[in-house]
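K.L.:
Single-letter residue listing:
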Amino acid sequence: MTRHSHRVRSAGVELAVTDSGIPAGHPDAPTLILVHGYPDNSETWLPVVGRLESRYRVVTYDVRGAGASTAPKGRSGYTLDLLVEDLAAVMDTVSPHRPVHLVGHDWGSIQLWEAVTAEHLTHRIASFTSISGPCLDHVAFWVRRRLRPRLRGLRQLFVQSLRSWYVAAFHLPGAVLFWQIGGAGLVTRALRMADEWPDATAVSPTLASDGAHGINLYRANVLVRGARPRERRTDLPVQLIVPVGDRFVTPALLDDTGLWCTNLWRRDVPGWHWLIRHEPDRVARWISELIDHVEPPDPDPGSDQTATRSPLDRLRVGRELPDRGKVVVVTGAGSGIGRQTSLAFAERGAEIVAADIDADAAARTATLCRDLGAPATHHQVDVGDAEAMEALAKAVERDHGGADIVVNNAGIGMAGPLLDTSTEDWERVLRVNLWGVIHGSRLFGQQMSARGEGGHIVNVASMAAFTPSRSYPAYATSKAAVLMLSECLRAELADASIGVTAICPGVVNTGIVSATRFVGVGDAEQQRRRTVTNRLYARRGFTPEKVADAIVRSVDRNRPVVPVALEAQVMRLVSRLAPRTTRRLARIDPTTRL
Amino acid sequence: MRLMLPLNNGTVADVTHAPPWQPTPDELDRFREVQQLAYRGAEEVAGGLEPGITEKETAGRMRTWLQDRGVEDWFHLPFAWFGDRTAFRNFRQPFQFFPTGRRLEEGMPYILDCAPVRDGFTADIGYAGSLGPNAVLDRIVGDLAEHRRLILNQVRDRRPLREIYEAVDRLAARQGFDNRHRAYPFRVIAHQVHRLPPGRGPVVGRFGLRSLRQLARTVRVGMQQGWSPLWADGRFSNHPPTPGLWAVEPHLGLRGVGAKFEELLVVTNDDAFWLDDDLPHVRRWAAPAAHTEVQAVEA
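If you're matching them up, the sequences are chains A and B in order.
Residue numbers are given in the working numbering: position 200 of the first sequence equals residue 200, and the series is strictly consecutive.
Count along the second sequence starting at 1, add 594, and that's the number in the working numbering.
FYI, nobody ran anything at the bench for these hints, they're computed from the structure.
For glycine and all other residues, C-beta sits at the position ideal for the given N, C-alpha and C.
Treat the hints with care, as some may be off.
[Unchecked claim] Here are the simulated lysine to any residue pairs, SDA-like style, with alpha carbons at most 20 Å apart:
| id | chain 1 | residue 1 | chain 2 | residue 2 |
| --- | --- | --- | --- | --- |
| 1 | A | K73 | A | G12 |
| 2 | A | K546 | B | G799 |
| 3 | A | K546 | B | R768 |
| 4 | A | K546 | B | A607 |
| 5 | A | K546 | B | G677 |
[What the hints assert, rightly or not] Across the chosen pairs, the derived CB separations fall in these ranges:
| id | chain 1 | residue 1 | chain 2 | residue 2 | range |
| --- | --- | --- | --- | --- | --- |
| 6 | B | T648 | A | L566 | 53 to 59 Å |
| 7 | B | E651 | A | R148 | 53 to 59 Å |
| 8 | A | M484 | B | N747 | 47 to 53 Å |
| 9 | B | T648 | A | L147 | 51 to 57 Å |
| 10 | A | G318 | B | F692 | 43 to 49 Å |
| 11 | A | A395 | B | E651 | 49 to 55 Å |
| 12 | B | F692 | A | E424 | 54 to 60 Å |
| 13 | B | F689 | A | M484 | 45 to 51 Å |
| 14 | B | R634 | A | R431 | 56 to 62 Å |
| 15 | A | Q380 | B | V876 | 54 to 60 Å |
| 16 | A | E492 | B | K650 | 52 to 58 Å |
| 17 | A | L536 | B | D864 | 31 to 37 Å |
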């Protein structure tokens with residue numbers, strides 16, 4: 001690939017433009033313009049450009065005052081109007097007739113917002129991907145909306161203000177001098193120490209002058225826009241890529257963007273402000289997802305992919321159904337909590353993958369999900385079988401592009417004294433209840449982590465996880481392990497923005513009792529105990545549907561451990577506040593009263 | 595101990611060992627007529643439903659329609675439930691069953707339920723439908739057919755009513771639905787229906803007082819004799835089917851959609867049968883099959 005550079009004149013400056021040219025074999029390739037932020041220059045895009053230029057014509061340029069472009073005199077040369085003029089000049093040169101796709105990071109994104117919301121340029125722009133750079137006018141309105149005495153809003157405002165300290169600092173008289181007398185080195189070191197800049201990134205030789213000139217971006221625009229914001233709207237397709245660990249632009253700052261854009265997608269991803277340096281692979285993929293959505297490439301003649309599902313569906317802001325486009329995998333989906341959880345997510349528009357050891361039951365769940373209007377498929381899977389689970393994970397990745405939410409729900413019951421529980425009984429209950437969760441968590445956790453777009457894993461434990469009893473030791477042991485596994489996994493996956501929730505239901509009227517083995521008694525007595533216990537469960541009347549609703553809520557709010565049903569909540573409290581009581585209760589053997 | 599009860603005609607009778615009341619063939623014809631009338635009323639009112647109509651207005655239309663055709667008393671006044679109210683989610687108080695100002699919208703499921711009494715003969719029917727297509731409702735209504743067969747077969751086998759109730763629960767769970775009849779007072783899936791003297795009586799809380807008194811009397815007799823005219827899943831229903839007329843109403847739900855049918859089941863000393871097979875839901879189940887038959891003939 002040969003990139004060539006040329007210079008474009010615009011409003012008193014000369015811009016250094018780099019053009020990757022039309023890629024071989026793609027004469028109709030769309031054109032992208034990537035605009036860098038502060039205190040960078042266009043070199044910051046190099047890793048991303050390298051991953052895009054085989055499919056698209058990729059253009060970058062140094063913003064006025066940065067890199068190899070010339071700098072205007074004084075701060076008045078840095079207003080957003082002039083920056084938009086620069087962009088228009090570049091567009092005139094590289095793609096005068098066909099609309100271009102814009103991508104901006106930090107201040108690059110801020111100026112592109114200005115262009116995207118300017119009516120005279122609308123017909124020149126095909127799409128916009130914004131990374132860590134909000135529209136200044138939107139920010140001003142965002143602040144105003146949060147000046148009302150509402151705790152949540154004020155907290156968001158407070159946090160964002162703390163992180164914007166440098167904006168204030170740039171308005172102080174010594175700011176330019178700081179860059180000129182060696183501030184660049186300090187900044188580089190600080191950003192590397194804070195993990196913002198990967199060590200491998202080369203420091204641009206022009207960093208000191210880029211930083212010094214760029215201060216004018218703040219001085220020329222921030223206060224002006226803050227004092228008199230205008231309502232800037234657009235119907236163009238806009239994608240927000242939001243690194244949740246951004247130290248400068250908090251994710252909450254973009255919460256109101258939907259008010260201004262009719263065609264908005266938002267992607268909250270693990271990462272920091274300089275995501276484009278850390279994760280060029282992912283950033284390039286996400287950019288191309290929007291471009292391919294707007295200008296679908298010719299279908300690959302070899303594949304029979306007829307699905308019209310776009311990977312962007314689940315990211316749409318203001319979608320009617322909150323989980324539209326998300327892929328939800330549920331194990332044990334053929335009955336009880338698993339089936340109801342599938343239905344609950346289906347009602348929210350998610351695409352359901354229903355897995356169960358009973359293929360007919362799983363198929364029935366998928367049918368009901370489709371009745372609710374959601375796409376659904378089913379798989380026959382024994383969760384205790386590592387190979388079968390691997391096959392499931394592979395199928396989900398291949399056919400659905402990976403899972404967004406996984407509910408490890410499959411479980412069986414086991415009751416009776418530990419001394420009567422045989423090795424086979426132990427192996428059976430651990431295989432399904434524990435190994436099933438281990439496989440599901442591990443395989444799908446790896447998949448989500450590799451995709452790098454977050455996700456959620458729900459493991460269905462039980463109130464037995466914190467309620468010891470002499471009457472179900474094997475079951476309680478397996479569920480306690482699931483609870484601990486979930487807590488550990490939550491810590492491990494937090495950096496990848498993958499939530500993990502352990503659900504601890506109490507007495508729920510499902511088929512689990514009928515699938516429970518009562519050890520140490522004959523067949524007739526076993527049947528009798530099942531009948532009697534089933535009646536008790538029916539009398540309690542807590543439906544699996546309520547557990548499903550709790551699971552949906554827990555995913556929404558990323559809760560760590562959720563006891564469901566009053567008895568579970570009470571026992572959770574008792575086990576923490578009065579463990580001696582828990583131990584005394586554990587000695588009661590309810591089976592003698594059945 | 596003897597059980598003396600006042601009857602509707604003003605006399606007092608010793609009912610300690612009285613066998614359960616059973617209708618004669620002529621009486622069954624009259625019950626069938628009222629049931630047909632009630633279903634016709636439900637179908638006509640359902641056919642006239644339009645977006646924006648409220649539950650109260652719908653229940654009122656049913657009431658007027660039936661009163662115009664000779665209905666003078668009620669087991670209960672008409673009920674109408676729209677949208678997710680058809681699934682009785684979070685219904686805890688009896689008044690939550692009463693018609694509300696909820697308005698019907700396109701695609702919403704609804705249930706119409708009325709229990710008119712004409713000349714002392716009672717019907718108690720339930721009619722489920724939707725305004726425009728609703729895949730979930732169609733699924734539930736279609737699958738209720740299996741429940742109608744199951745109930746009849748198990749009653750014929752003289753299984754304890756409690757176990758039949760549990761079998762219905764298991765079938766519903768297998769189908770993926772949940773039992774919504776347990777939201778009814780006393781969790782009943784069915785209750786007995788009796789012949790009343792012609793005439794009318796007061797209506798209290800939408801229920802006809804004469805019918806309620808009759809039911810209460812039967813409850814007392816049943817308690818003395820070890821059975822209950824209220825068919826639920828408790829130990830009171832742990833007995834073989836009692837001869838008489840039962841209004842059976844399996845009510846199933848999936849998320850925010852509920853559906854049921856309700857019709858009279860005739861139980862004799864050694865057999866059982868549905869009072870009438872010419873009912874809207876039964877015709878609906880038969881419809882696709884009939885369609886295939888026609889095609890087969892044409893082929």
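K.L.:
Between the alpha carbons of K546(A) and G677(B), is the straight-line distance 20 Å or under?
P.N.:
Distance of about 19 Å is within 20 Å: holds.
K.L.:
Taking the CB of E492(A) and the CB of K650(B), does the distance hold inside 52 to 58 Å?
P.N.:
Given a distance of about 56 Å, which is inside 52 to 58 Å, the answer is holds.
K.L.:
F689(B) and M484(A), beta-carbon distance inside 45 to 51 Å?
P.N.:
Since the Cβ atoms of F689(B) and M484(A) sit about 47 Å apart, the hinted range of 45 to 51 Å holds.
K.L.:
Against the 20 Å threshold, does the CA-CA distance of K546(A) and G799(B) hold or violate the hint?
P.N.:
The hint is violated at about 31 Å.
K.L.:
Need the status of pair K546(A), A607(B): alpha-carbon distance at most 20 Å?
P.N.:
Violated. K546(A) to A607(B) sits at ~49 Å, over the 20 Å cutoff.
K.L.:
When you take the CB atoms of R634(B) and R431(A), is the distance between them in 56 to 62 Å?
P.N.:
holds, 58 Å
K.L.:
Does the beta carbon distance between A395(A) and E651(B) stay inside 49 to 55 Å, or does it fall outside?
P.N.:
holds, 51 Å
K.L.:
May I ask you to test the hint 53 to 59 Å on the CB atoms belonging to T648(B) and L566(A)?
P.N.:
violated, 35 Å
K.L.:
Within 53 to 59 Å: is that where the Cβ-Cβ distance between E651(B) and R148(A) falls?
P.N.:
violated, 42 Å
K.L.:
Does the Cβ pair T648(B), L147(A) satisfy 51 to 57 Å?
P.N.:
Cβ of T648(B) to Cβ of L147(A): about 43 Å, so the range 51 to 57 Å is violated.
K.L.:
May I ask you to test the hint 31 to 37 Å on the CB atoms belonging to L536(A) and D864(B)?
P.N.:
holds, 34 Å
K.L.:
Cβ-Cβ distance between F692(B) and E424(A): within 54 to 60 Å?
P.N.:
holds, 56 Å
The structure fails hints 2, 4, 6, 7, 9, 10 and 15 (numbered hints given earlier, in ascending order).
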